[in-house]
Amino acid sequence: MPKPVIELLVNNHAGVMSHITGLFARRAFNIDGILCGPVGDGNTSRMFLLVDEDERIPQVIKQLEKLHDVINVRERNDYDRTIFHRLHEFVESE
Amino acid sequence: MKRTGAQIITALLERQGIETVAGIPGGCNLPLYDALRDSPIHHVLARHEQGAGFIAQGMARATGKAAVCLATSGPGATNLLTAIADAKLDSVPIIAITGQVPASMIGTDAFQEVDTYGLTLPITKHNFIVRNIEELLEVVPEAFHIALSGRPGPVAIDVPKDMQTQTLDITEWPEPGKADAFPPCDPEAIRQLADRIHRAKKPVLYIGGGIIASGASEDLAAFARKNGIPVACTLSGLGAFPANDPLYLGMLGMHGAQYTNLLLDEADLILAFGVRFDDRATGRVVEFCKHADIIHVDIDPSEISKIKPANLAIVGDVGNVLRSVMPMLHDNERSEWRGRIMELKDRFPLRFPVPQDPLHPMNFLQQLSMRTEPGTIITTDVGQHQMWVAQAYPFQRPRTLLTSGGLGTMGFGLPAAIGAALARPGIRAVCVSGDGSILMNLQELATLAELNLDVTVFIMNNHHLGLVRQQQELFYGQRYFATQFGADPDFARIAEGFGLRAWDLGEETDPMETVARTLNQPGPCVINVPVHQTENVLPMVPPGKANREMIIGELTYA
Ligand SMILES: Cc1ncc(C[n+]2csc(CCOP(=O)(O)OP(=O)(O)O)c2C)c(N)n1
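Here the protein sequences come in this chain order: A and B. Convert by adding 1 to the 1-based position in the first sequence; the result is the number in my numbering. Going by my numbering, 44 is the number at position 52 of the second sequence; the sequence numbering is gapless.
These are computed hints drawn from the structure, not numbers from a lab. Be careful, since some hints might not be right.
To be verified - Lysine-lysine pairs mimicking DSS-like chemistry, simulated, CA-CA at most 30 Å apart:
no.: 1; chain 1: A; residue 1: Lys63; chain 2: B; residue 2: Lys300
no.: 2; chain 1: A; residue 1: Lys67; chain 2: B; residue 2: Lys80
no.: 3; chain 1: A; residue 1: Lys67; chain 2: B; residue 2: Lys298
no.: 4; chain 1: A; residue 1: Lys4; chain 2: B; residue 2: Lys300
no.: 5; chain 1: A; residue 1: Lys67; chain 2: B; residue 2: Lys170
no.: 6; chain 1: B; residue 1: Lys282; chain 2: B; residue 2: Lys298
no.: 7; chain 1: A; residue 1: Lys63; chain 2: B; residue 2: Lys57
no.: 8; chain 1: A; residue 1: Lys67; chain 2: B; residue 2: Lys57
no.: 9; chain 1: B; residue 1: Lys300; chain 2: A; residue 2: Lys67
no.: 10; chain 1: A; residue 1: Lys63; chain 2: B; residue 2: Lys298
no.: 11; chain 1: B; residue 1: Lys57; chain 2: B; residue 2: Lys170
no.: 12; chain 1: A; residue 1: Lys63; chain 2: B; residue 2: Lys80
no.: 13; chain 1: B; residue 1: Lys337; chain 2: B; residue 2: Lys218
no.: 14; chain 1: A; residue 1: Lys63; chain 2: B; residue 2: Lys170
no.: 15; chain 1: A; residue 1: Lys63; chain 2: B; residue 2: Lys282
no.: 16; chain 1: B; residue 1: Lys298; chain 2: A; residue 2: Lys4
Said to hold, decoys possible - Residues from chain A that keep clear of chain B, each with C-beta distances beyond 10 Å, as calculated:
no.: 17; residue: Pro39
no.: 18; residue: Ser46
no.: 19; residue: Phe49
Treat the numbers as computed from the prediction; the structure is a model and nothing was measured. Every residue gets a Cβ at the ideal spot worked out from N, C-alpha and C, and that includes glycine.
This is chain A alone, in the form it adopts within the complex:
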């Protein structure tokens, strides 16, 4: 079973990342990989979080939706995860 990916659209300013990672840390929820980059005119960013399969994902998504700078959240299971594989290859290489 491939790992779930949570996709977020967020306001692109300093502090957003700490709101999101802080929420995961506070609720004892692990993030395996993060991909993030600005979209369009750069006012927003799209973020992909690779997470562990967990029954609490719906609760985490609801908590993410409450964050002021989060515009949109969804769980994606149709996503091409190979990019995360390459990411892991990259971080594992010396």
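Starting from the known structure of chain A, arrange chain B with the ligand on it as the hints suggest.
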């Protein structure tokens, strides 16, 4: 017209309708204080920033409106944190505005620099750091909008000193921030709600602070009476339903009456309205209302099925939901269920001590309740005295009990009473504290003396950290440690030293007469109330146990 950032902040606060703020000045918020000097806003000088935070909370909790507290950078900001975290857990709309070192010095470990943004991040609904002066025009109204919309909560704004001193030409002011309107309820969900109520034989309303936040007390009363549904309150829900109503079941949970918890255990339908299934209310969650279907109504979608899966969930304003379902609701007496309630209430009532015992806090609080004006605002600290207030004081109206429910912060009571008295002039605020808790924000007696507000402080003096001592007695084999006080402060003399009128009921021949007399005198006063030293709050559900497994105790009850 050119204005400094500080003047912009005060102007925006005025436009929000803010009349009173509480805080303490220091290096990094001095420009803001300079601007406040010229503003019609009344500034209350607290004596500790935590006091300022709880004064703001007292104002907000007593009115439902957002209230503001101020602190300087570094230690000023860290001192505010407890009051902010407390507001988060109890969904109280406060705005904390902190000074910060100038933007160019952030990250250099400058004097009194601390990462206020990072510190407030997990304990606010949202937080801001202002990075350029234009942002103030957006951030301040947005802070109010966030604090008041949906489930209320605290917002922190960190303002570097140079953002307060720079100037900006203002041609147009933004609209003040206000709460979003609630979307209408889904009519299909409302129909299902009515249908489930009509099918239920043994329904119970389990209600909490959400009813008060939504201003839905009257809607709740009409709803409960129409269909004959009894009402159990959480600590935060006390006052949302009148205690003198025959449908009232009192508080549920850890220190609820035995019959209340037993009825919830028998119920076939739980209407969980404006509640979040806190562990103090539910006890062991899998055992909570085991035989019942659960209908959960809350404004915060993330509360739905967070702790306990709901059979029907409605996300929305609980007042809206109550009003929408009313026209569909049948009249019902529910005589069978009501009979069962009377039976359990007779057999397992909330027990009071023998009335001749003047040193038992429950007796004192019951006597006190007969001597306060209707509408009196009671604040508490945290401990046994708080639970006895919840059990023995019959709250009739919303926003008449202000208590730290979620965080359980000792030191809440006195500054919250000051805030309540500021926000509701003409209404007395009564703080019921303990001899442990009162010392945690005692310095605010100076603020109280200065403001000369109608605040009465009762110190239930048992010479112990009573609630912790009780746990050591019941769950740690009576291995008492660090819960008995070796020193015995003379609170009446201390209060007099602050310039306040004070009494020690241990020295009065007719203590309750003294209480009645002082409650009718304008201005503040402090009253020491000697109580039994080792009394326990009962009944009690041991932590981790099901609510029906209560310790009843073998004390001498009437
Ligand atoms: C700030 C803070 N520190 C510690 C606690 C843990 N605690 C809970 S109740 C309590 C004792 C309170 O003593 P007191 O105010 O005298 O009230 P009593 O229980 O004796 O009525 C303590 C220490 C707390 N709730 N808040």
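Problem set entry | Structure versus earlier hints - violations, ascending order | none
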